[in-house]
Amino acid sequence: MTDGHSSGGDFAIQMHIAFSSQIDGVCGQDAQPYHCAATRFPNDNLVPQSNESSVPFCDGCPPGFTLVYDHCKGHPQWVDVGMLPDYPRRVCGDGGKIGCIDDVNFLQNTSVFLARSECRTYIGGSEVNAVALYAELTNEPNESILYFDDCNPDGSNKPNNTNAMCMQHVLPRITNRTLNPPVPKKDSNSSLGSWIRFNQNEYIDDFNVGFDDAGWLFVPETCKKGEKCTLMISFHGCGGCGDGGPPGVDGFDGYAASNGIVVLKPCIRYYNNASQTYPNSMEIERACWDGYGQLSSQYALQSSPHMRNVWNMIKEVSRSTHEAKTDCMGLCNQ
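In terms of this note's numbering, the sequence shown has 277 at position 277, counting the first letter as 1, and numbering is strictly consecutive.
Hints listed in this document are in silico derivations from the structure and should not be mistaken for laboratory results.
In this text, a Cβ means the ideal position worked out from N, Cα and C, and glycines have one as well.
Some hints could be false.
Unchecked claim - What follows is a set of in silico ranges between Cβ atoms, one per label pair, in the way DEER data are often shown: (1) Asp103 to Pro172: 22 to 30 Å; (2) Gly64 to Asn43: 14 to 22 Å; (3) Gly93 to Asn312: 22 to 30 Å; (4) Lys158 to Arg90: 37 to 45 Å; (5) Gln77 to Pro184: 38 to 46 Å; (6) Arg90 to Glu140: 17 to 25 Å.
As the list claims (entries may be wrong) - Listed below are the simulated BS3-like cross-link pairs for lysine-lysine, each with C-alpha atoms no more than 25 Å apart in a straight line: (7) Lys315 to Lys224; (8) Lys315 to Lys225; (9) Lys315 to Lys97; (10) Lys315 to Lys228.
Using the sequences plus the hints, can you model the full thing?
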């Protein structure tokens, strides 16, 4: 499964849909629909294209013009919800094209949790539009999809734990097991599991797209001892993985420790060198994932820079579908 907030939520949805034959579920919080950021809708306001534009590629814009940055989050009323399923359904046909995306039929029985929690930043409809996309791609949306609006009318947050809601909805469906309660925070990184720093450079084929030198892996003790475990890929929001210490995953590591979940957390470096190669990559430089096509017009496909390099890491952690390798990048016994 994939998880993320904001930019990480965008990327969690991208990975989920692009690799749907391998990824069973997603938790996307404050996340826009797949390929929405670069799609022109009939009601969009266009702006002149420039070297400062954060949307360098636009699907459907006339020459010399592009979209307002974050139009799917800041102006969800412009989004034509009926157009959302078109791109994932048509871009690769019935799947099978190397580097494209998997057949969307793999999404029919997937598990999806979506939430809005950045209350003063994102209008509620932005996440509702993502719900609408998944509703078109799943067989039983009322069962498969759980949406929660964590925002009060005044813009404050409700006293709810959306991360716990995510785990409670998605994990039992993809593991066919009862979800155990989380290990208390003070215990989740000690005898029951540990965060391990690994060298990301071994899995990167392009060193100009912002990846940090190191990523993180949370490995429960049960997984270190050889038990096959569920894999969760957790994507940070803009700003990267923090100050170099173990990142935590907003409480997910407690659930990981008690439910046999290996958590892979790849990292983009804060203030990296991406703009030297990609002029319109302001968000990448501040350690966002490419949810806007700043690295490639095909940013939402498996072959795009961020997607394929993260997949290189996933392949090392996962020997077979949804099952963590017992050697965990060779780090489990460290």
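Determine which of the earlier numbered hints do not hold for this structure and return their numbers in increasing order.
none
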